[in-house]
Structures are given as structure tokens and as C-alpha cells.
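**Student:** All chains should be built: construct the whole structure from the sequences, respecting the hints.
There are 2 protein chains.
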Amino acid sequence: MKTPNKTNTAQPPHNSRRNFARGALAAAALTGVGMFAPRRAQAQPKGAPEVKWRMATSWPTNFPIFEHGALRFAENVAAMSGGRMQIEVDSASKHKAAFDVFDYVREGQFEMGHSCSYYWKGKDASLTTLSAMPFGMNAQEFNAWFWYDGGIELMNAAYARHGMYSYNAGNTGVQMGGWFRKEIRTLADFHGLKMRIPGLAGEVLARIGANPVVIPGGELYTSLERGVIDALEWVGPHMDISMGFQQIAKYYYTGWHEPGTELQYLINREKYDALPEDLRRILQVAMRESSFDMLCESEYRNAETWAQLHRDYPDVQIRSFPREVLDALDRETNAVLDEMVAASPDSAAIIDSQRAFLKKAAAWTAVSRGDFYRVRELTGADLMA
Amino acid sequence: MKTPNKTNTAQPPHNSRRNFARGALAAAALTGVGMFAPRRAQAQPKGAPEVKWRMATSWPTNFPIFEHGALRFAENVAAMSGGRMQIEVDSASKHKAAFDVFDYVREGQFEMGHSCSYYWKGKDASLTTLSAMPFGMNAQEFNAWFWYDGGIELMNAAYARHGMYSYNAGNTGVQMGGWFRKEIRTLADFHGLKMRIPGLAGEVLARIGANPVVIPGGELYTSLERGVIDALEWVGPHMDISMGFQQIAKYYYTGWHEPGTELQYLINREKYDALPEDLRRILQVAMRESSFDMLCESEYRNAETWAQLHRDYPDVQIRSFPREVLDALDRETNAVLDEMVAASPDSAAIIDSQRAFLKKAAAWTAVSRGDFYRVRELTGADLMA
Chain B
1 MKTPNKTNTA
11 QPPHNSRRNF
21 ARGALAAAAL
31 TGVGMFAPRR
41 AQAQPKGAPE
51 VKWRMATSWP
61 TNFPIFEHGA
71 LRFAENVAAM
81 SGGRMQIEVD
91 SASKHKAAFD
101 VFDYVREGQF
111 EMGHSCSYYW
121 KGKDASLTTL
131 SAMPFGMNAQ
141 EFNAWFWYDG
151 GIELMNAAYA
161 RHGMYSYNAG
171 NTGVQMGGWF
181 RKEIRTLADF
191 HGLKMRIPGL
201 AGEVLARIGA
211 NPVVIPGGEL
221 YTSLERGVID
231 ALEWVGPHMD
241 ISMGFQQIAK
251 YYYTGWHEPG
261 TELQYLINRE
271 KYDALPEDLR
281 RILQVAMRES
291 SFDMLCESEY
301 RNAETWAQLH
311 RDYPDVQIRS
321 FPREVLDALD
331 RETNAVLDEM
341 VAASPDSAAI
351 IDSQRAFLKK
361 AAAWTAVSRG
371 DFYRVRELTG
381 ADLMA
Chain F
1 MKTPNKTNTA
11 QPPHNSRRNF
21 ARGALAAAAL
31 TGVGMFAPRR
41 AQAQPKGAPE
51 VKWRMATSWP
61 TNFPIFEHGA
71 LRFAENVAAM
81 SGGRMQIEVD
91 SASKHKAAFD
101 VFDYVREGQF
111 EMGHSCSYYW
121 KGKDASLTTL
131 SAMPFGMNAQ
141 EFNAWFWYDG
151 GIELMNAAYA
161 RHGMYSYNAG
171 NTGVQMGGWF
181 RKEIRTLADF
191 HGLKMRIPGL
201 AGEVLARIGA
211 NPVVIPGGEL
221 YTSLERGVID
231 ALEWVGPHMD
241 ISMGFQQIAK
251 YYYTGWHEPG
261 TELQYLINRE
271 KYDALPEDLR
281 RILQVAMRES
291 SFDMLCESEY
301 RNAETWAQLH
311 RDYPDVQIRS
321 FPREVLDALD
331 RETNAVLDEM
341 VAASPDSAAI
351 IDSQRAFLKK
361 AAAWTAVSRG
371 DFYRVRELTG
381 ADLMA
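Just so you know, the protein sequences line up as chains B and F, in that order.
Position one of the first sequence corresponds to residue 1 (this note's numbering), numbered consecutively onward.
Position one of the second sequence corresponds to residue 1 (this note's numbering), numbered consecutively onward.
Treat the hints with caution; some may be incorrect.
Distance condition first, Cα-Cα at most 27 Å in a straight line; then the derived DSSO-like pairs of lysine-lysine [claimed, not checked]: (1) Lys182/F with Lys194/F; (2) Lys123/F with Lys96/F; (3) Lys121/F with Lys194/F; (4) Lys94/B with Lys52/B; (5) Lys194/F with Lys250/B; (6) Lys250/F with Lys359/B.
Since the hints were derived computationally from the structure, they do not count as laboratory data.
**Tutor:** If you want it as C-alpha cells, here you go:
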């Protein structure tokens, strides 16, 4: 997934020559919020708000989907509280420090943050798999774990050590495995390959001989174009195509490393505990609603963009990694996770619980959605003709 | 899916000899609502509520998952409004008319309903596929269509004809294809087969020579046991096992007919329009949050129950329908849908939109989740060991 640019987030990941998703982006501000007519109306604050908060995001201004989720949440809080609570959303383009959101919220400079737990790996490695685990749970399974198998409690036990609460903020769905200038035919093709890929997945790639690097989003297109890197992964079709990678790298691989990446809200504990009970509940329900909405929006925009991709860039080749590559990635993923479990009881608490649920969830998924996809592909020509 | 018992909903679908899910059911009241401690507290009404509403559900008291969704919604509305709005939830065990929820809300006897659109097929056939379409969209795709591709607007245009608004209330995930006493090996095995299966799917089965019947939930176990029917479908593992079907029918088939059944809230239009703006928004966000929660709960309980099923009932045989059966079901599904489209512009507006999005969504699903499930099954032995 994307790593926000720490020092220069002013440049949005769109530019004029590769912005065919811009229309969709503008539409994002309008759709999904409205149902029947009265809902579209903005709530008018009844005089000055009782509570004014600020939320720092890790995304530049106009960052697709993610920014919409943050704004949608704030707008719902204002409307549900009749204007009593207002949350100002500051993008990383404004506060200039995408990776300081954790500290901002911990120290109370911002009451809330909108970010992703695996960015805090250096501060507390146990937070990493709260966002994503290679070969792990997809969005639907992850949400079942968070809300019904104790995941949210484990996440909050972890963040309590840092004076914060945390809450799910949305899911990207399955992220694609990335754009490659050359086809990957064997495990050896990864030897020495320079790939932009952050987090756990980068660690795994290093173990199979690749050279993972971290490059700010704003420099990715140029880095790939000039051969500074051979490959990169970003998010999925909607966000990737807006970056223009398809103009340089023709091989687009399916995903293994972030099967359902979950974003997180961070909330300063003291500030939250000082709120009246109705506003606390308004925050919780609005956070959860926005988390659901982000997955809906991601699925919609990826489906639309996927159809466009085939039409507008027919020479893009869709590939899955060969079996020997997948086996090696899986083996090294487990080695990394095992080391994390051995190194820290905090990591063990989270990873052990995730692995236990994954085993059950994957079995059910295979027989329900997995088999249904098979059936639909088998017979789908009629219905989808 | 289940058809609630029209005349006798007093009997919950559990009884003492087949209630191993009861513990899970009791836990449902406690989980998923609580995050960090303050959230578990009940909001105290500040004096008498300004607005008192009643919501009629189509489910008997203690009906798993669905009832929790309705209660959760009402509790969130009370808490977010600081007690200003209270919604009393009346189960079908109380109001005694599961299938009259539509009329109750239309006529204003209840301000809201919690039910499923395909129950109103006889009143307005165009509402049917707002709940489920055989071989159609699964939960994640369906939600993308509802919230970003105009589905919610189409649904409300349809319900406006009946003086109501409608809003999504939750999703069961992929429903299983049902329990069969004899294995289905060929299309001919369906000839004359008496199966309890309602709705569109029943119509499709009739066209391949089966004899679909509708039997109230409370009589299903006995009907199957006594051979009144040869097969039935209900929902999925969690709800099915609590009914005890696995004690009679050994063949449990994967799904095709309800790939992501969506429940609906019904809201009386006049009553809703009379609400102040903050309460309207509170209702909308609480409805949407409860809709998300139901899918989380369904996935969690089905995953847990699936693991139990293999342990406790090892002689249950999991099957997929043979290719010739699936092809016939798909062909007849499309024939039924084509006839609906030709018969009514109202049906056409909804079905045409659903089919158009399904085509795009299924392609993206196949390459994202579909391929990821394949990868995970291929390599999954390590991570899930």
C-alpha cells in the first residue's frame, strides 16, 4: 500500500496527464452520502459548537477515497449532534507530517487521527498486523474478527499503552500485487529486483532476495519511469491508474500481501473520556459507518476502473505470481510472523488471535464466497452477458 | 432463505434438543456493541423522549442475528440522541403478522419495519431483487451497488410508490444451497423433488421440474423428518444448525440462489419527513451501521459454526451441484429475470442496473478476492496450520 510522503505531501497523487479518475473523485464527494432528499441537506450548527476537535490525516488533500472517509465521518458527527460537535479535518498537505499523526494524537495536539496502524511499526511493532497481514484475512473476515472475535479489544489494549483509543476507519479491499516492468516467471526473477513495497511485505520480499525500497508517493511515477525501481505496488486499480503506472509497467500482478487493508482512527484517550455520553456514541457509530462506506466506495471504484483498464489499456497484462514464488512468500511471511510472536507478547496476543480466526474464516469463505465465485464464473456468461 | 411463520411466530427456531448455538445467541447481545468501556454504558434518557416510534420486525423473538440488528439500531438511536428518540422493537412473536410489516409501515401503525424486500413480491414484484438475485451480487458487491451505483435511489423510488422510504438493514452473506436427504447427481434428480424454497429461487426450481413449497419455519424440521419435503434451504451454517437439519439430511449443498441477501428497513415517509434534521441523520447513520454489523456477525458466527459442524457432525457431506444442474438453474434464472424486465418498467429499472453492475463487479471480484482465495488455498497450509 501507499506510504504517505513524510516531507512533501503537498503534491496530490494525480497530475494532468494521468487523471482519468478525476471525474470519479469529484463524484465521491457527492455519492454515498445521499439517500433520500432530506439527507443531503447539511445540518446547520445551532450557534457555536460545544466541542471543537481537530483530526489529522496521513493523506494529502484530495487523496481519493481515504479523504472522503474522513470528511464523511466529520460531516455525520456535526449533523447528528445538531452542530454541537465540529471536527476539522487537516490533511497531511496542511500539517505537513503524515507519519507524525500518532504523536499528534498521543500528545493531544490533535484529538483524532485518520491513518493506518502499520505506519507505527517502528514505535510498536505489535500494531502492524492490525492493518494488514500477507496471506491473511480479507475485508469481510477482518471485520468479523475485529467486531466479533475480540479484535477491537486487542487493538485498544495495544493503543492504551500509548494513551489512545483506536477504531476501524475503512478497508481498501484486496490490494493488487503491483506493477512490474518485466514478467516474473521464476523465484530467481526477484533476485536483486528493486521494488517499492513497505511494511511486512517488504521484509518478506527482502528474504527472497529482492531489494525493497520506500519512496514517497509523489516520486513513484518518475522512479519507475527512470528505472530507479523495477516494480512497485500501490493500492488497487482505482488509485493505481490515477497514478499512471500502466503507462510504464505492463505486468499487473494479483495480490497476496494486503488482502484487506484496514485504516484506523486514533483518538486521544483523555479527550474522548471527557466527552458526554451521547457524543461518544455519535463518534463510535459515525466511525463505524464511515469504515463500512470506505469498503463500499473502494469496491465500486475498483470495479469501474477495472472495466476501464481493459478498454483503455488493453496491453496491460494481468498475472498471478508463479507457484514457487507464492510458496516462498508464504514461507517467509510465516517466518516473519513467528519471529514477531517470539519477540513480543504484545505481538503474540494479536497475531495468535488473528491466525486462529483466519483458519476458521478461510474455511467458511472457501465454501461460501469461494465456491460461489466458481459457480458464477462457470455459469455467469448468461447473467452477465 | 427463511420465510417467517405467518400465523404462528411465537415458536423460536430453537428447541432444547438442537440448541447448541444458544450460547452464541446469548453472547450476541453482548458482543459487537461494546468497544472501549464507556461505550457499553446505556445512555440515560434525559426525561421523557421527544419522539417515540415503534418498529415491527418479521422475525420471532430471539431470532438469531436479525433481532440483534434491530435492537442494536434502536439502542444506538436512543444513545446518540441522548434519549430524545426511543424506538420500541416489536417482534413478529408480539405483533403476530410477519408478512404484514409492509402494510403496518405504509399505513403508519408502525413508523418502521425490519424485514426483507422479497417478501413483498405479491405486492410489487420489482422489490424482489432488492433482497437477492440468484447468481447475482454477493454482499460486498451488493453494497457497492446500493451505495455508489444508485441502488439506494432506485430502491427509494420503488418504495416511494408505497409511501415509504427503505434502507439497507444487513446482509447474511452467501446462503447455503440447502439440505437434501438424497444426493443430487443429475438434473433428473430434481424432477418431482419436494423442496422448501421461497421466492425467485422457488420459481426457478419449478422450471427445472422440482416442486417448491413454502412451509413456516417452525414446521420445517418435522416436515423434513416425516418426508413431507425431500429438501429445504434456510440460511447458512449458524442458523441452519440451530434448526437441527443436519440430524435428518446428510447432504449440504453450496449456494447459488442467495449470494448476499440484504434485509431492509421500511420507514413511513410522512413520519420520517416530520423529524428534525439531526434525528433524521441519526437514523440514517444508525441504520447503516447496523447493516454493516449484521454482515460482520453473520460471517463470524458462520465461520465458528462451520468449524463446529465438521467436528460435531462429521457425516454431513458438503456438495456443490453438478454442472448440468447449475447450467439449468442459471438459464432459468435468466428466463425469469427477462420476463420480469419485460413485464414491468419498475422491475426493469432495478434489474437492468443490477445486471450492468454485476458484470463489472464480478470481473473485479474474480481477480481480487477470487484470485486471493485461490492463492491462499494454494499456500495456506503454513499460515493456517
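**Student:** Next, verify each hint and record whether it holds.
**Tutor:** Evaluated hints:
| no. | hint | in the structure |
| --- | --- | --- |
| 1 | Lys182/F with Lys194/F | holds, 12 Å |
| 2 | Lys123/F with Lys96/F | holds, 20 Å |
| 3 | Lys121/F with Lys194/F | holds, 22 Å |
| 4 | Lys94/B with Lys52/B | holds, 18 Å |
| 5 | Lys194/F with Lys250/B | violated, 54 Å |
| 6 | Lys250/F with Lys359/B | holds, 24 Å |
When each numbered hint is compared with the structure, a violation occurs for hint 5 only.
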